[in-house]
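Peer 1: These are the residues of each chain, in order.
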Amino acid sequence: MLRFVALVAVLAFCLSGNPTLATRVQGKIVVTKELRESLSELEGKNRTAVNTGYWNEPNGVIQVVLPFVNPSRDLGVVLIKDGAADRGPNDVVTVKVLAGSLEKNLVVIEPGTRIKFVSVDPYDHELYSPGMKNFLPERQSRNAFRPIDFPVEGVFDVHCKLFSHFKAWIVVTRSTDVLTVDSKGAFTLEDMEPGKYTIKVSHRGSWIHEQSFEITKEREIQVEIKLTPGGKGKATEEKNSDTDKGKKKNGKKKRRKDK
Amino acid sequence: MFVSRFWTLLLALAVGALLSVVLLAKNHINREREENATAILFKELDKTDIALNLHARKRLDVLLAVAVDVDVRKILADVSKDAEKAEKHRQKLLTVLRERNKELKQYAADMLIAVDMRGDVVVQVGKNQRNHGHNIGGFPVVDSALRGYVRDDMWKIDNEVYMIAARPVINNSRYVGAVVHAMKLSNNFASEISPRVQLGFFAGNLVIAVGTPKKAEGTKHAQGAYIGQPLDSVLSDKQFREKGYSQVQKISTQDGDFLAIYSNTRGEASSNDVGFVIVTPIELMADATSFYNQAGTQDINNLPRGMIITGILLAILFGWGWNYLEAERPVGRLMKNIKALETADAKDQLNVYRFRRRMRNVASAINKVMDIKTKAILEAAGSSSKSIDSILGNQQPGRLSSASFKFAEASVSDIPDAPPPPGAAPQKAPPAAPIPPGGGRAPIPPTPPSGSKKPPMPPPAPAAAMSPEEELAYFKKTHSDFVALKQKLGEPVDQLTFERFEVTLKKNRDTLIARYGCKSVTFKVHEKDGKASLKATPVK
Chain A
1 MLRFVALVAV LAFCLSGNPT LATRVQGKIV VTKELRESLS ELEGKNRTAV
51 NTGYWNEPNG VIQVVLPFVN PSRDLGVVLI KDGAADRGPN DVVTVKVLAG
101 SLEKNLVVIE PGTRIKFVSV DPYDHELYSP GMKNFLPERQ SRNAFRPIDF
151 PVEGVFDVHC KLFSHFKAWI VVTRSTDVLT VDSKGAFTLE DMEPGKYTIK
201 VSHRGSWIHE QSFEITKERE IQVEIKLTPG GKGKATEEKN SDTDKGKKKN
251 GKKKRRKDK
Chain B
260 MFVSRFWTLL LALAVGALLS VVLLAKNHIN REREENATAI LFKELDKTDI
310 ALNLHARKRL DVLLAVAVDV DVRKILADVS KDAEKAEKHR QKLLTVLRER
360 NKELKQYAAD MLIAVDMRGD VVVQVGKNQR NHGHNIGGFP VVDSALRGYV
410 RDDMWKIDNE VYMIAARPVI NNSRYVGAVV HAMKLSNNFA SEISPRVQLG
460 FFAGNLVIAV GTPKKAEGTK HAQGAYIGQP LDSVLSDKQF REKGYSQVQK
510 ISTQDGDFLA IYSNTRGEAS SNDVGFVIVT PIELMADATS FYNQAGTQDI
560 NNLPRGMIIT GILLAILFGW GWNYLEAERP VGRLMKNIKA LETADAKDQL
610 NVYRFRRRMR NVASAINKVM DIKTKAILEA AGSSSKSIDS ILGNQQPGRL
660 SSASFKFAEA SVSDIPDAPP PPGAAPQKAP PAAPIPPGGG RAPIPPTPPS
710 GSKKPPMPPP APAAAMSPEE ELAYFKKTHS DFVALKQKLG EPVDQLTFER
760 FEVTLKKNRD TLIARYGCKS VTFKVHEKDG KASLKATPVK
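For the protein sequence lines, the chains are A and B, in the order given.
Everything in the first sequence is counted per my numbering, starting at 1 for the first residue and increasing by one.
Everything in the second sequence is counted per my numbering, starting at 260 for the first residue and increasing by one.
If you are wondering where the hints come from, they were derived from the structure by calculation, not from laboratory data.
Possibly wrong hints are sitting among the right ones.
[As the list claims (entries may be wrong)] In silico lysine-lysine, BS3-like type, Cα no more than 30 Å apart, as pairs: (1) 306/B <-> 45/A; (2) 161/A <-> 226/A; (3) 161/A <-> 632/B; (4) 184/A <-> 344/B; (5) 306/B <-> 479/B; (6) 167/A <-> 502/B; (7) 33/A <-> 502/B; (8) 340/B <-> 96/A; (9) 226/A <-> 167/A; (10) 104/A <-> 598/B; (11) 104/A <-> 344/B; (12) 104/A <-> 184/A; (13) 317/B <-> 45/A; (14) 45/A <-> 497/B; (15) 161/A <-> 386/B; (16) 167/A <-> 497/B; (17) 28/A <-> 340/B; (18) 302/B <-> 497/B; (19) 317/B <-> 104/A; (20) 96/A <-> 443/B; (21) 347/B <-> 45/A; (22) 306/B <-> 184/A; (23) 104/A <-> 347/B; (24) 96/A <-> 627/B; (25) 443/B <-> 167/A; (26) 333/B <-> 161/A; (27) 96/A <-> 386/B; (28) 386/B <-> 167/A; (29) 196/A <-> 217/A; (30) 161/A <-> 606/B; (31) 333/B <-> 184/A; (32) 340/B <-> 226/A; (33) 632/B <-> 167/A; (34) 606/B <-> 632/B; (35) 787/B <-> 133/A; (36) 347/B <-> 96/A; (37) 606/B <-> 184/A.
[Said to hold, decoys possible] What the simulated footprint calls covered on chain A by chain B, stretch by stretch (three residues with Cβ under 8 Å from a Cβ of chain B suffice, anywhere in the stretch; the number is not a length): (38) 61-73; (39) 94-107; (40) 115-124.
By construction, the Cβ of each residue, glycine as well, lies at the ideal position given by its N, Cα and C atoms.
Here chain B stands alone, though its shape is the one from the complex (with noise of 0.2 Å):
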């Protein structure tokens, strides 16, 4: 059995190594969906930002076709001389501008400002048209564009941010004035900005803007709430004030995980806390059964089949064979050995030698078994009284009913030493009885039955050493009390003719005087657990 358990041992290590490499391959395979994930993520800060910078670039590019516009030219050079004029241009620069303004399509502001040299709006396209005489010339990049800079920049104004590029107006080689465009930042520009990862704009702890992928369907999509919940940590955050982006913070949703970075932005904005925030779904294992739920059609159609089943068989088989070699064989073995003993000797027992290891024990266990069991039944077989069943063995009541005879297992060595019926001449051994299939011994005489509620009745006289017909009224006797005793348990008696019973009784004394030397048999009848029963005492 030494092989057979290394064998199971090496099946539990291997099932154990299985699981362990499913747990570890899991929990690799997240670690690396979190990485790639991560990496996207850093990768589209970048792209984002690149996207961000040539977005300016264009919006820059598309107001020099307002800012070189002889209408607005003219206009800012006389209001900047006279301020007083601004009023009397405010009209047709309003119409000039909106003119321009759509030309400019998709890059149309939601605000064209003009402003002069002082810096005070003249004119304000869009949102809010109706301003106009205030000062923005304090804004950083409406004053480098008075002093002739190209530039763009960001403005959180209420709870809106804009993105601005400003030019200078020039006119006769003098600056007259400078152009503001004012773009909002809206879901739409989220979208188009980054199409294939989703963008989202926040301006303090609130999301402003979330886009949508537009290359990206199919792909699960963060609820603004959900992008707006870590801000507050993340703003707090030192590594966000040092580096301008944050750790990757992960998102959990009803729609699944998400991994999500922030970074603030360019421009005055970011100082009040407005930023973007890239967001990437990431599928992670919830358990080992996730491999095959994930797995494509192709990864399950790849696998090794062949492989796979030729070591499950092998498995299999070295099983099997081990178990074969330590535990069927040695068992057979030992079976064959018993049956061996059926027609052996009465005093014959297992060879122990012959087997090992466990089966040795076993051996050595039914033989001392057996000498108990033998001592037992020569005690029993030395009373006065001893029941037919455990005399005669298995021996069959013939065409009586079997509730009425049973022989129970006895061995065959306890009749030599039986004590000789009383007043038989001593016998050197007593014939063996027959062995019971699949039994190894005699059968075992049964015990009187101890509840047994009626007392046995008084035996008849012996029927050996009578008259015929002496021994007829004694068969008859006997057979009226073993009717009477069966009709009176209920058992049938259809078949239980006097013929038949006389012959059984009269078989059972010529064997019970052959075995015993006894000069005659008493029939005893009496009720052995519920049914009717007849007991035979040898008589000296």
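This is chain A alone, in the form it adopts within the complex (with noise of 0.2 Å):
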């Protein structure tokens, strides 16, 4: 009798559900060859005889390669909740200074936020963001380091004046979320709570793409985000599937709407 009792609670628990428990996220961003052929468009257009060399030429053994986008360096990507409160200030966040750009290209942070820039490279810098009153060029050397506030939203330039060459970005703005993506796209977000979700993506202090989805009571959802040149609002594509569910079948993606 007692075996039966449990057997019938255990089922009546799993048939019921369990309407707090969070459901998984993989997402991948994938750069398309696209979006780094216009990159390499926008590169020769923006090349002159004076930023370049006399010489820039492919090599002549194997073909030369498109401009990497590497998503854990070169891509700011946040996601915002619909209905959610902001995340508020960060806590100081400490990025690296190299030779020819910042650890990461772009980096995301809430208004409010302070940013430790850290000088890892032997030669010197002045960084400085164009506009910033709080943000003027300063002779920074190795290990030494300069705290920024950024208190305001918006979109912040840095430069170096010793390096013209130096270019990253800065991207104030609210979000839920700051995601942290492998250099190969990827990521995943755990726990997530039902609702309706946007994710933005950031290049070049541009935001280059943005997509929506939604959680009800799946466990696991894979979003895909394909980047391509001007792909803002376009070109999405979502896969809301249990475990396996989302992925390739007989090479081609098959679309699936939400349950």
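Both chains are sitting in their own frames, so use the hints and assemble them into the complex.
Peer 2: Here it is as structure tokens:
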């Protein structure tokens, strides 16, 4: 009798579902060839006789590759939940200064966050952001750091007076979360509550992609974001599925609706 | 004189034109030299750009030997796969890069860097050899090399400027990293790149390298400090920003003047105001004498001396000719006519119609003066007392001292107008007095000295109408008075014997009596101008 009661209880628990169980989101940002080609084109347009040297030609042995876009370094990805409150200012964010750029070319922070720029480069730098009165050129040697506050929303270019090629962007925006993306573009969101979400991707200081999805009661959702030139609001594909249902079948992607 | 004056005007105009031509030529030559120097600057600007281009190509080519080195390829492939292996391979890669760098000889790098596919420095040879592990993938030239491009650039690190060349390293048909060759801009490099014209490099307002042209010995070179002087204004100049090169700048130094043109370089360093400057000396003429100073011996030898000398001689001859025709010949003619008056009648005057223009005026003036003087002499001759000099004219005082008898010039025409001496019968025209040589008229009677300190001695008795004994006594008395006065005035009296004195007095007495028809003549001894003098006075 006791065994029967216990079995019924377990079945009832399983069948009723757990409304507080969070959903896991597996995501991937795909940098398309088109985007890299557009970057190459842009690079060609910006190239002048002055800012390049005398020679810039393919090596002639193997084909040259398109500009690299490293999602972990070059992209800023934020998650915004409808109706949710902002995170509020981050703790102090430490960013390493390298010879040619920041450790991350694009850093997304909440308004009111302080960034500590730490130089790990053997060369001196004089970082500044045009238009920011509290971020003027100042000599920074190796291992020295500069704390800079970013109190208001906006996109702030970071330049170095000593290295003209140096470019980075600080994106100050309100969001639910800033996603950490690996070098292949993969990210994971754990314990997501049901609701409507939007993912926004920033590259070189511009929002280049925006994609929405909704979490209901599925336990795992797969989201694939394809970055294309001028891809804001289009070319999105969502995969909401159980464990492996979002994967490719017969070499084709299967579009499924949310349940 | 008109033509002479016109000739003088012509000569003055010619001299003025010559001076203008010389000054214009100086300005023209200076401007032409500046234009030539400017043309040289622009030509050398292009040549330097080409030379830098070729040098970059050469560096990229020699870097191939490093990029294809087997050890370099394998090590970078290994490190690109696993960054942890960098430490393991570092020493070997360092040795390999050093050897390869030595083999580059004149193109050996000041910094030779090997980077993995992440852009991290695995090994750095040369300057800051201990540095490694830092990322330089953000440099466009490194990023390009990692993507397969062969590219050069220019970096400014601190106050040093490096010319960069970068190549991808390929292993098994895959990019495994890149090698970066950095060569520092130096004075030697500037000399090598531009062997004929001075080349310098600047970073901001600092001149970081100045070359010494090897094939331009003997030419002046500007020092770096002078070359850097215009940089502040050049870098802020709009044209420099827009066109990439400045206007031609003039640099004045202790060693002379120079023209310079500033240009930015290719590559990233141009954003940091790195560029190069071409400098060339310019010899500007300070003044017209520079023509001679700067002329060569051949130039001077090539001058058409015959033509120049002929021109000068012709100018002189023309000048003299016009001078003779218009000045010397009329004056000579006037003189000839004046001399002719010496032997002419006393009433004759110059015929003014024989002269032209000014000479006619001169002749008229002479005639007028002659009239005035004649009138004055006649008035003087009417007085009761007459100087023996004025009466006797140019009569020599015989053996007496010349100081005793002075004969001033007087017009011959005065004599007839002179009133006859008292007691003498009126005569129509007395004989003309002897004309002094060089004078046109009779001697002018001397005026009595106004400054005589002593009053004249009382006149002795008349010498005529006396018995011979009385006359002898009178002459002796006059002689003794005369000698006494001379001695008193300190004049020599050694040769003033009575015999000579008597002869002279008698001769004068006879002449006066013959001229004026007077009965006798008195002689008065008096002092004149500090000397003893004798005055004869006709007595009726």
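Peer 1: Please go over all the hints and tell whether each is borne out by the structure.
Peer 2: Hints, one by one, checked against the model:
no.	hint	verdict
1	306/B <-> 45/A	holds, 27 Å
2	161/A <-> 226/A	violated, 35 Å
3	161/A <-> 632/B	violated, 105 Å
4	184/A <-> 344/B	holds, 22 Å
5	306/B <-> 479/B	holds, 20 Å
6	167/A <-> 502/B	holds, 25 Å
7	33/A <-> 502/B	violated, 37 Å
8	340/B <-> 96/A	holds, 23 Å
9	226/A <-> 167/A	holds, 24 Å
10	104/A <-> 598/B	violated, 122 Å
11	104/A <-> 344/B	holds, 24 Å
12	104/A <-> 184/A	holds, 15 Å
13	317/B <-> 45/A	holds, 27 Å
14	45/A <-> 497/B	holds, 24 Å
15	161/A <-> 386/B	holds, 23 Å
16	167/A <-> 497/B	holds, 26 Å
17	28/A <-> 340/B	holds, 23 Å
18	302/B <-> 497/B	holds, 22 Å
19	317/B <-> 104/A	violated, 36 Å
20	96/A <-> 443/B	holds, 28 Å
21	347/B <-> 45/A	violated, 42 Å
22	306/B <-> 184/A	violated, 48 Å
23	104/A <-> 347/B	holds, 28 Å
24	96/A <-> 627/B	violated, 118 Å
25	443/B <-> 167/A	holds, 25 Å
26	333/B <-> 161/A	violated, 37 Å
27	96/A <-> 386/B	holds, 24 Å
28	386/B <-> 167/A	holds, 26 Å
29	196/A <-> 217/A	holds, 12 Å
30	161/A <-> 606/B	violated, 113 Å
31	333/B <-> 184/A	holds, 25 Å
32	340/B <-> 226/A	holds, 27 Å
33	632/B <-> 167/A	violated, 114 Å
34	606/B <-> 632/B	holds, 13 Å
35	787/B <-> 133/A	violated, 112 Å
36	347/B <-> 96/A	holds, 26 Å
37	606/B <-> 184/A	violated, 141 Å
38	61-73	holds (count 8)
39	94-107	holds (count 4)
40	115-124	holds (count 5)
Against the hints set out earlier in the document, violations occur for numbers 2, 3, 7, 10, 19, 21, 22, 24, 26, 30, 33, 35 and 37.
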